[in-house]
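Chain by chain, the residues:
Number of protein chains: 2
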Amino acid sequence: MTDRLAITYLLTCSPGESPAEKARDVALEQTVELPADCVPAEILESVVGRVESLEPAGDRHVARISYPVEALGGELPQLLNLLFGNVSMKAGIRVEEIDWPPAVLELLPGPRHGVEGLRRLCGVAEPRPLLCAALKPLGLSAGELADRCRRLALAGVDVVKDDHSLADQGWAPFDQRLALCQHAVAEANRESGGSTLYFPNLTGALGDLRGRLDQVRRAGCRGVMLSPMVLGLDVARSLAAESELAVLGHPALTGALFGRRHGIAPELLLGELFRLIGCDGVIYPNVGGRFVFSREDCLAINDRLRRPLGGRRPAFPVPGGGIDTSRLEEWIERYGPDTIFLIGTGLYREPDLEAGASALAGLLRQVSCGSRP
Amino acid sequence: MTDRLAITYLLTCSPGESPAEKARDVALEQTVELPADCVPAEILESVVGRVESLEPAGDRHVARISYPVEALGGELPQLLNLLFGNVSMKAGIRVEEIDWPPAVLELLPGPRHGVEGLRRLCGVAEPRPLLCAALKPLGLSAGELADRCRRLALAGVDVVKDDHSLADQGWAPFDQRLALCQHAVAEANRESGGSTLYFPNLTGALGDLRGRLDQVRRAGCRGVMLSPMVLGLDVARSLAAESELAVLGHPALTGALFGRRHGIAPELLLGELFRLIGCDGVIYPNVGGRFVFSREDCLAINDRLRRPLGGRRPAFPVPGGGIDTSRLEEWIERYGPDTIFLIGTGLYREPDLEAGASALAGLLRQVSCGSRP
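Quick mapping for you: the protein sequence lines, in order, are chains A and B.
In terms of my numbering, the first sequence is residues 1 to 373.
In terms of my numbering, the second sequence is residues 1 to 373.
Looking at chain A on its own, in the form it has when it is part of the complex (with noise of 0.2 Å):
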């Protein structure tokens, strides 16, 4: 079995649909294309998906289908087009768990710099979480993003990370704004003897990508963030394996993979495609904010970020997406030390944001020092 692909799906059957049949239809779809009667027997034997397990789960039925590692011709993208290409068309079929073996993990490096490294780039080397704050609003010009980045990183924030809609608008395109915030915040550690990260957002058009990758480098900073949905999840990873640059990812557009009972489970997307791609820190949307994630989903993707997984160094959870700063023990408590809490809309509700976010900061730097917050 090691050198097959297995995957695990969720099937949930229309009335009369039989599962044994679903689940051949799959192993078929994602391989051959054809019924099986109009396929040769030594394909149907050696290349055709084999159901190795079909067990029913209250109203579903969960099937482990392996394929042959040659499958993949040794692609990213005929790996998602395995995962789920065509049978996205279908119904009624979730992606839930990937069995890698070590021959497809060899085309996906996983995190360079990783949680360990990613500490060391903010000089963080206690076992504390991360405080990243967003950037934001789009519609600010470049001055005033970046004396938004000098206050947080005056205010002792382990990582500024602009808002994934900050691409190259007029307000502040991307050359300035680049220059102002990471000039901004390289100021202010001077001035608090801090050591604050500006990781701008890496988007644009495909042509563009590398030569901004670069301007980044030069520009001093240690990290980007990108959205390897939108982007297209093997640039995602060209990208990162081309850059030295710590890399966060951004969940934008993978909501619609996320059915209960159609699509792929967000631990497997998130929690494991991401970090084998080179997401050294995974942004995702915390249970209780603004999305639907819910307590499971969240524990699911940090567990699969964390775990060992073939050598590939572990990356940071990194929750969002409206976490309630008053609540910041419980998740602090739940989440434990490896974790980048990432907060926006609780900063910019702060009569003073400086303020706002040293609190915070002062809030995770207790964890490392024993005493629960």
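Worth double-checking, as some hints may not be accurate.
Remember, identical chains collapse to one label, so a pair may be satisfied in a single copy or spanning two.
Okay, derived cross-link-like pairs now, EDC-like style, lysine to aspartate or glutamate, Cα gap no bigger than 20 Å in a straight line [as the list claims (entries may be wrong)]:
#1 K90 x E296
#2 K90 x D25
#3 K90 x E242
#4 K90 x D352
Don't read these hints as lab results, they were simulated from the structure.
On the provided structure of chain A, position chain B as indicated by the hints.
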């Protein structure tokens, strides 16, 4: 309004949720990602989406929200992000329509060949549908696939295209498949006096795509198939823009977006976005086949691919996904001559591939003689 990008959403409220608040929330989430009371007044006015109208529609609401074109910053990834980036992780939000202002269309060239150009490449001046055969299955050698190509070309199929699972697997590596299949089709054309085209599936790691596109062109192919959602929409746009090849867009992975209450309408994604990024034909799963599209979905996709749109060329609808060949006449009647019928399984079920393909090709040729089949 013409300088603004207006997006129409179908909103499904959960119990207790206000439609007006939900619409306003979309407008904020997709721009500033902050509640209104944290946003400077000037930005609220000039940057945040504006709810232009909100009307009940059965148990749902239709909201029309306009955004300043500047919010896109001239980038296709940011358009995707604005359309469904963060709201993908909410619930009950379906993007139905975009009013395309000229400034946004400038980013999107549309098909290079379109319906007329692809007809020319195929040597089919008469007003009849085209016949496209899927080359399959995965697992055959390049020589075996080339033999199928030859027989399909001799039968008078207009386009033979790789199955979208054919990548660079050892069974039929891309280089070999390209060389042998294109050679087989060219030989068959010489023998028969026909003008069948072979469109290989363009896939691969990001760094290999351009090289492969060049190879395809140098081999003498006139087009390729690619999967925009798998590669990334802007990768597909970029490849289409750089090459003179015709492009068939495959819908792999898009099905995740087609929720009835949450997602992007298939006619918008496949019918407009795929056309605008440069697809000359767009494959979609026909109603009544192996997939879940409705008759209305299919008709709406056809309409969006062909209707006037900012001077962009019309693209071919390419219904496939298990077309019952015994009902082909009905589909011809319903979809009209500017359609490419994609037949896969229907051909491989035939006792003789060449005879089966020849019968279908003959059927389509009758259409142009004015005798409805």
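Hints, verified against the model:
no. : hint       : verdict
1   : K90 x E296 : between (26 Å within a copy, 17 Å between copies)
2   : K90 x D25  : within (10 Å within a copy, 31 Å between copies)
3   : K90 x E242 : neither (36 Å within a copy, 33 Å between copies)
4   : K90 x D352 : neither (51 Å within a copy, 30 Å between copies)
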